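Make the full structure from the sequences, and use the hints.
Each protein sequence line maps, in turn, to chains A and B. So for the first sequence, numbering that gives the first Met the number 0 puts the first residue at 0; every next one is plus one. So for the second sequence, numbering that gives the first Met the number 0 puts the first residue at 0; every next one is plus one.
These aren't lab readings, by the way, just hints derived from the structure by calculation. All values reported here derive from a predicted model rather than from experimental measurement. Where hints are given, some of them may not hold.
[Said to hold, decoys possible] Below, simulated DSSO-like cross-link-like pairs (lysine-lysine); rule was C-alpha separation at most 27 angstroms, straight line:
#1 B/Lys127 - A/Lys34
#2 B/Lys127 - A/Lys685
#3 B/Lys175 - A/Lys1037
#4 A/Lys1029 - B/Lys134
#5 B/Lys169 - A/Lys83
[Stated by the list, open to error] Sample of chain A residues at the chain B side, in silico, Cβ under 7 angstroms:
#6 Ala121
#7 Ala123
#8 Val127
#9 Thr309
#10 Gly313
#11 Arg599
#12 Lys866
[What the hints assert, rightly or not] Pairwise CB distance ranges, derived in the manner of DEER restraints:
#13 A/Asp714 - B/Pro166: 54 to 64 angstroms
#14 A/Glu466 - B/Arg232: 41 to 51 angstroms
#15 B/Gln229 - A/Arg639: 55 to 65 angstroms
#16 B/His125 - A/Ala458: 42 to 52 angstroms
#17 B/Thr136 - A/Glu166: 48 to 58 angstroms
#18 B/Arg232 - A/Arg396: 48 to 58 angstroms
#19 B/Thr136 - A/Gly869: 25 to 35 angstroms
#20 A/Glu188 - B/Gly174: 45 to 55 angstroms
#21 B/Thr136 - A/Ala671: 41 to 51 angstroms
#22 B/Thr167 - A/Gln525: 16 to 26 angstroms
#23 A/Asn986 - B/Gln229: 14 to 24 angstroms
Cβ coordinates follow ideal geometry from the N, Cα and C atoms, glycine included.
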Amino acid sequence: MFARFEVAVRPEFSDPHVQSILRKIQMVHPAIAEKVRWGRLMDVCWIEFSGPREDLIRAATEIFYDRVLQWMFSGNLIPSATGKHGGMLDIMEAAPNRPGKFWALERRFRGGVTDNVARTAAEAFEIVLGKKLPDCRYASGAMLLLEGDKLTEDDLALIARDVFCNELIETWTVIPESELKNNNRFHQERIKGDLPKVLFRGSEAVDTVDLSGLSDTELQELSSRKLWALSLEEMRAVRDHFNRSEVVERRKALGLEGLTDVEIEVIAQTWSEHCKHKIFGAKVNYSETSADRAEGESSIPSEIDSLFKTTIAGTTRELSRPWLLSVFSDNAGIVAFDDDDAFCIKVETHNSPSALDPYGGALTGIVGVNRDILGCGLGAKPIFNTDVFCVAPLDHREPLPDRLLHPRRILEGVRRGVEHGGNKSGIPTVNGALVFDERYLGKPLVYCGTGGFMPRMIAGRPCETKEIQSGDRIVVIGGRVGKDGIHGATFSSLALDESSPVSAVQLGDPITQKRVADFILEARDQGLYRAVTDNGAGGLSSSVGELAQLSGGARMDVSRCKLKYPGLRPFEIVVSESQERMTLAVPHEKLNSFLELAERRGVETSELGEFTNSGQLEILYREKLIASLDLEFLHNGVPRLELTAQWPGRPKAPVASGTGGGANSYEAQAAATLIGLMARPNIASKEWLIRQYDHEVQGTSVIKPLHTVNPGTADASSGPNDGAVLKPKLNSDSGLVVGCGINPKLSDVDPYLMAQSAVDEAVRNVLCAGADFGRADSVLALCDNFCWPDPVKDPAKMAALVRACYGMRSAALALSAPLVSGKDSMKNDFRGKLRGQPVTISVPPTLLMTAVAKISDIRLSLTSDFKRPGDLIYLLGSDSFGLWGSEVMATNSNLGYVPMRVAEPDWNLARKVYSWLGGAMGRERSKLRSLHDVSDGGLMVAVAECLIARGYGAQITLPPGRDPWEASFGEGFHAFVASASEADAFNMEAEWMALEVPFVHLGVVTSSDRLEVTTASGAAQSARWSTSIKQVRSAWRKSGYWE
Amino acid sequence: MSDTEKAKVLVLTGDGINCEQETAQAFRMAGFGAEIRHLNDVIAERMRLEDLCRRYSVLALPGGFSFGDDLTSGKVLGLKLSHQLNWDLNVYASRGGLVLGICNGFQALIRMGLFGKEVSITSNVHGKFLDTWVKVTPRGSQCVWLKGLGSLDLPIRHGEGRIVIAPTRKSEVLGKMQRFGMDCLQYEGDPNGSDERLAGLCDLTGRIFGLMPHPEAYVRWTSHPEWTQQPGRASAPGQGLAVFENAYKEAINAK
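Right, dumping it as structure tokens:
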């Protein structure tokens, strides 16, 4: 029988979920929001139940119905669970306007989309009824009930499209009041029709593809139509390989005539830019039209043999640190934490899926990178997440090109995705950033990072061991395989356009993954498997294809895969990116224990075959061979790209249009400029976002993303911290520090500088929290993530990439910080239409650097807030700032400063300052009371951020000999705002002088509410201004901009 | 005292529970021996209430997102405990056992009806998940876990922490709770819209205790958001530890 259950919060209680939807309607369609007088959000569940009616009633009542809070409607099934009338009339009577005019909007998942609520409902029914119920089906959805006499059906449709549904994964229906009142929707036939069906009339057929007779145009056309994303050269290489007589003969002997669709799909996944990083492996010819270089820039060679080898792996090799246990050969870099434990770090991007479905894209992004960590070495426990989002400004008002979502929707979805992915997995989200730029409209950038921790010896083997023996069983565990995410890897290797496929979208299931994660760590400690890796991009073709290299071959029958629903073609099973799956190599003698433990942990397994040493990746379907690929060809047969890079030189420095003269205009405008900067989205408070993430679970938190004064009281007030500190071990006072750096604004000046700035900022952020630096036992590792507009066939963008790589290399070498892990995303362009006209939007070249460092004693951690009135304030490090590419340049063109300059790094200076801060020299560092880096918005913003939480004031004198605009709001390298008690200041200053650590005494913390600033006496014209910190704080907390 | 002689805590895990490690650690710091066990193993072992009473002084349900909180928080975990273990926790308490539910574990205890059928818990009034520190104050002396404690700073990390009492019987139910000291922990502020600013509840015996804040996340001073204001105390314990120490004293007495 079929049943439908609707659950509503009783009218006596407020309904926060509907309030949140109404707020979103208000932001997107204020005119419609005006018409809504009242609303309720109801959960809906559709069930096909194959048991006695009494069982259904008993279980449904226990599972769905909370007598205190809810009403439940079920047609005539369970009268006791309803209000007076037993249905929607009860709610209508409870609405404040009677008789009102009602509409409802019903939302259902499309067939085949992951439905976590339904999956949990299925488990709940089995728990309550105490038996397996394999023939029951469940689906979840929601019904938004709105009351308003002026609402129209068209309004409801707009709400559905722009607020309530994502039509890629959900369908919706508008239900008028008359239909709500009758109970037709509870009729058996109706429910049967409403339950999503997945009836793919797929066959189990394997097609063959004949490339031999195809012209170049036909090859390209075929590749693009099939979403293989293979270039002409790559198509030719495949064709030629399979035309070779020895290959033809060998295949004939195996019974394989032509190239199968399975084989070409596996090749396409393996060779995709996403998996193979062909641009970073390419031969590059680099030239510069203009000779001007960044100061101290080492020249970039004109012929580069792989940017990856030279600037990333090469950099790490040159630095060769003893604590690097595994780099670039695994899912994540592995670094020794101490003699007993190791940590690993990986940051991924999930840009294309997040553009189409922000929630699902970001959710799969975060749980996906968690799996990288679980599949790193012998398996590490995720101990923190990081998230960095780059989106267009949320107040974007221009019309959107077809198929693009408004940045507000993107950010809300992405935020919720990371919230669910991180919080439900029990992994604290400790660090991140939010960057706004108009050019992220076409593709938002969603960076998700995870750090892991593991013992260095696991069941008798070093944790970084990656080995498989021929004969080990191939076992896939976790989620089942469906059509979701087919072609994700190749799709993300293409520009986004209007025809991007819906199958690229997937939803994650954090609970299935949590079970998988718990199980893996348990099986790991019992030594039940030999090797593990995650199933991410490319699905089985990548995970088994890559692991096969360890033993020298693999043979699997994919008909043994557990499927979500029938009708998948064999090639689809091979390349599906269905989530929550890990692939393991299990020794024969451990197989039974492994499977038995998985069963006890509620983790599904599919045993597919075995690893071999045949040199082939062999795939079967129902015991018939459908693919036999030479591993050597598969992994090394891709033709190498040759790319041209031409750097046109830096643009001319902009000339400020202002008429005002230096200090005068400064005195008049500085306070307003500061307030304006504090409210800039790139600078303003991210507390609304941070607090929706659990940043303390696992109990390791030492320094949080925010410092908070008077916590738990009405006066609680927070300010930003720079890096996070965790204490991963109970019995050790050593900690891990995490920070990041990202500065795409500078890409418009010079990507070389942009990359240096990202490295410098990431390192400064961990130093601010207390990281060791420059000591014999210091551990500082970097992770790079490049998100670029497509540089192939665009020499300027390629040159930007080359310059960023060399800039990153120079900074990493200068700071002795090896690159241990990274990922690139090279197709961040949107090609579509705006009002019928073609439009292309490309992201600015964006490099995220994530730094992870060790702090030998967490008790020396620091936060950024000034602690006490009377403490002295210092500018520590560089005092050279520039306005070009700064936040203030974007807000105020009336700076009266001609022309603008950009600050350059001085790594000698940096090493001195950082070594003192990192405990490598001197004795006074532990007396610092606060430390904060000078970044977006410059020195005055940094000082204001140190004051915001406590509401103290400060008297500041700007460093002498500098233009006041530059000194106040310019941005640069190596600068910190520090504070110390007056009593400690003398010794500290003496030590700085002795150790040549540059510093400027800026002033003093005061107990007043005012920030008072003067330019140095003796300057040609001195200026004086002040502002209220309360005002600064309220600007920074800028409300109403986001949800 | 050897591990085998120590008063023992059973810390349940599995199905999305995720604070089991730090919860077990807090109990160990207080003197207990703590065993983290997967719910499925306890079920497979058919552990009866008598076994629980004999082997463990404390049953702890840690925080997390059991079953993804997909059908409201703690719901399916509560069903699983009720249907597959079928322990009468009131009997466990009456025989000297102690029960602690933190956050998701507390939500599950509420759904199981341990604090009465008129009490439920639902989405924060602002509709958002919230990670912040709160001040909570114990009320009365009924709850053995809070004996002698003053106001505490603790973190909350939840989306569904609003405790509600059936409106039709609210004054009656509240009156009973106050009379028996069940309303044992209150927020000083109002972070989630909870009725009577309730942060935690105990049963009539004071031995079954559940709370939304996380005492296990504040067992060292360096977890507190303001610790860098007083770095000299960096090695000091956190206030949350006292909750576990109270349980230890009680468990030793019961032995």
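Verification of the hints:
Restraint check for B/Lys127 and A/Lys34: the C-alpha separation of about 25 angstroms stays at or below 27 angstroms, so the hint holds. Among the hinted pairs, B/Lys127 with A/Lys685 is consistent with the structure: their alpha-carbon atoms are about 15 angstroms apart, no more than 27 angstroms. In summary, the hint linking B/Lys175 to A/Lys1037 is not supported, as the alpha carbons are separated by about 45 angstroms, beyond the 27 angstroms threshold. Under the criterion of a C-alpha separation no larger than 27 angstroms, the hint pairing A/Lys1029 with B/Lys134 is consistent with the structure, at around 24 angstroms.
A distance of roughly 20 angstroms separates the Cα atoms of B/Lys169 and A/Lys83; the hinted pair therefore holds under the 27 angstroms criterion. The interface hint given for A/Ala121 is broken, as the beta carbon of that residue sits about 11 angstroms from the closest beta carbon of chain B, more than 7 angstroms. Against a cut-off of 7 angstroms between C-beta atoms, the interface hint on A/Ala123 holds, since the closest Cβ of chain B lies about 5 angstroms away. Annotation: A/Val127 was flagged as interfacial toward chain B, and the flag holds, the nearest CB pair being 6 angstroms apart, inside 7 angstroms.
This hint is violated: A/Thr309 has a C-beta 42 angstroms from the nearest C-beta of chain B, more than the 7 angstroms allowed. Taken as an interface hint, A/Gly313 does not check out: its beta carbon lies about 39 angstroms from the nearest beta carbon of chain B, beyond 7 angstroms. Hint status for A/Arg599: holds, given a least beta-carbon distance of 5 angstroms to chain B, under 7 angstroms. Contact between A/Lys866 and chain B, as hinted, is supported at the beta carbon level, the nearest pair being about 6 angstroms apart and thus within 7 angstroms.
Distance hint for A/Asp714 and B/Pro166: a CB-CB separation of about 32 angstroms, inconsistent with the stated range 54 to 64 angstroms. In this structure, A/Glu466 and B/Arg232 meet the distance hint of 41 to 51 angstroms, their C-beta atoms being roughly 48 angstroms apart. Taking 55 to 65 angstroms as the suggested C-beta distance range, the pair B/Gln229 and A/Arg639 conforms, at roughly 59 angstroms. At roughly 47 angstroms, the beta-carbon separation of B/His125 and A/Ala458 lies within the given 42 to 52 angstroms, and the hint holds.
Taking 48 to 58 angstroms as the suggested C-beta distance range, the pair B/Thr136 and A/Glu166 conforms, at roughly 49 angstroms. B/Arg232 and A/Arg396 have their C-beta atoms about 51 angstroms apart, which keeps the hinted 48 to 58 angstroms range intact. Range check, B/Thr136 to A/Gly869: about 33 angstroms between beta-carbon atoms, so the 25 to 35 angstroms window is met. A hinted range of 45 to 55 angstroms holds for the C-beta pair A/Glu188 and B/Gly174, which are about 50 angstroms apart.
Look at B/Thr136 against A/Ala671: about 44 angstroms separates their beta carbons, and that is inside 41 to 51 angstroms. Taking the beta carbon of each, B/Thr167 and A/Gln525 are about 53 angstroms apart, not inside 16 to 26 angstroms as hinted. Our hint of 14 to 24 angstroms for A/Asn986 and B/Gln229 holds, since their Cβ atoms are close to 21 angstroms apart.
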